[in-house]
Amino acid sequence: TIRKLLPETFLNKATKQDQFLTNVQADAILAMQLQRLTGLEIEKLANDYSKLCEEIEGYELILMDEKKLMDIIVTDIEEIRDRFGDERRTEIVGDVQDFDIEDLIAEEDVVVTLSHEGYIKRMPLTTYRKQGRGGQGIIGSDAKEGDFVEELFIASTHDYLLILLNNGRMHWLKVYDIPSMSRQSKGRAIVNLLEMQASEKICAVVAVREFDDKRFLVTATKLGQIKKTSLDAYGNPRKGGIAATGLDQGDVVIGAAVTHGNDEIILGTADGQAIRFQETDVRPMGRTAAGVRGIGLREGDTVVAMAVLDPMATLLTVCENGHGKRTSFDEYRLQGRGGTGIINIRTTERNGKVVGMKSIRDADELMMITSNGMIVRTGVNEMRTIGRATQGVKVISLKPGDKLVAVARVIAEDSNQSELQFAPPDAQGELPLAKPPADEAEATGGDNNDNETDVTKL
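Going letter by letter, the sequence shown gives residues 277 to 734 in my numbering.
Keep in mind that a hint or two might mislead.
Now the in silico label distances, taken between C-beta atoms and shown as ranges [stated by the list, open to error]:
| hint | residue 1 | residue 2 | range |
| --- | --- | --- | --- |
| 1 | Gly612 | Gly576 | 50 to 60 Å |
| 2 | Ser475 | Arg365 | 52 to 62 Å |
| 3 | Ala465 | Asp524 | 21 to 31 Å |
Derived SDA-like pairs: lysine to any residue, alpha-carbon spacing no greater than 25 Å straight-line [as the list claims (entries may be wrong)]:
| hint | residue 1 | residue 2 |
| --- | --- | --- |
| 4 | Lys679 | Asp577 |
| 5 | Lys477 | Pro513 |
| 6 | Lys320 | Glu331 |
| 7 | Lys327 | Ile349 |
| 8 | Lys450 | Asp488 |
| 9 | Lys327 | Leu337 |
| 10 | Lys629 | Pro560 |
| 11 | Lys462 | Met472 |
| 12 | Lys670 | Asp606 |
| 13 | Lys327 | Asp341 |
| 14 | Lys450 | Asn468 |
| 15 | Lys344 | Ser326 |
| 16 | Lys477 | Asp524 |
Keep in mind the hints are simulated off the structure, nothing from the lab. From the three backbone atoms N, C-alpha and C, an ideal C-beta is built for every residue, glycine too.
Let the hints inform the model, and build the full structure from the sequences given.
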């Protein structure tokens, strides 16, 4: 048996109670028949055992002698140096820099939607394919019963969202902090991302990249007030938000845009009026100021849209029943702020109220969304330019009971605009353009009387 061939010291250790083998296990191994092992295997096992015992003894001597241990370490390090030593490929610097998670996030344009009940999400812009004018679109969200998408805009993942509330307060939110979800998902409640009170409601959203004193945030309200404040006044976010604008009782913010201080502004109303005036007519004010009158409103009318003029663009206006038009800015004469303006579009029973107005270019694309969550993406060049005081043409086919509630512009890839500026659906909307349809005759219905009034500045 194996017992007869192994040293007595091994047999004594193998049968002690403190070894990893029990007596029964040790006896079973030692009782193995020699015929189960060849002579060579037995000799190899014995040699391995003797070698291991010698190595263990040597290692124990090294561990007990600190000088010998250090000599071995030095020798090993020198050997590694000689084999792998070369010039350093990285730089050692003295200062420590903060790690910014934003550096690891890819910058891309995304679609951000916000529902009436306050659910927000972002999706890649490529989610929506381009369609022709009059298309019925694809499902853009699976909203719960009674909810619908109320705001839609395009922004970069590295942009800040300046979120203006109905009470005049403002919150900040990084676009990449908005959950990325599928087309069909309803999104996440925005109250989980912002510290909002139960009575607060989002009234306008603007996407910006930097805060400086050479640009301004222009805000417009439902009752016709307009205010201009240096953008750097909003550059210090606070928990719970800051006061962004003063508001009169019953008034709310409906639109906001970042300007350069000398742009031209157009305000549009639900009843189809519009006024164009110089931004310089509005002096810069502090964050808490309520602003000055931008447009005089007739009884029952409200401001629903604000647009910043682009000399390379035309003005797009859309109504709730799916009709709209594209008109040259030349047809809107420059006025002083405070007047009731001129006719922008005929708000007949066919058209319904105005829900969006936007400065657009031929190369742009537009996205429209309805109260039932349908989204259409279409090209601006699909709508021809027509007159100002007209009814427009069909820009989206609506199912019974559905209404157009929001429009947004997709900036062309070759655009030199460095920033995307958006606001709520009825505050800074955007929309598609098209070739003249069969119903072109009705598009020019009505006369072209301007219905202008004297301008009164406050």
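| task | Mind listing which of the numbered hints don't hold for this structure, in increasing order? | result | 1, 10
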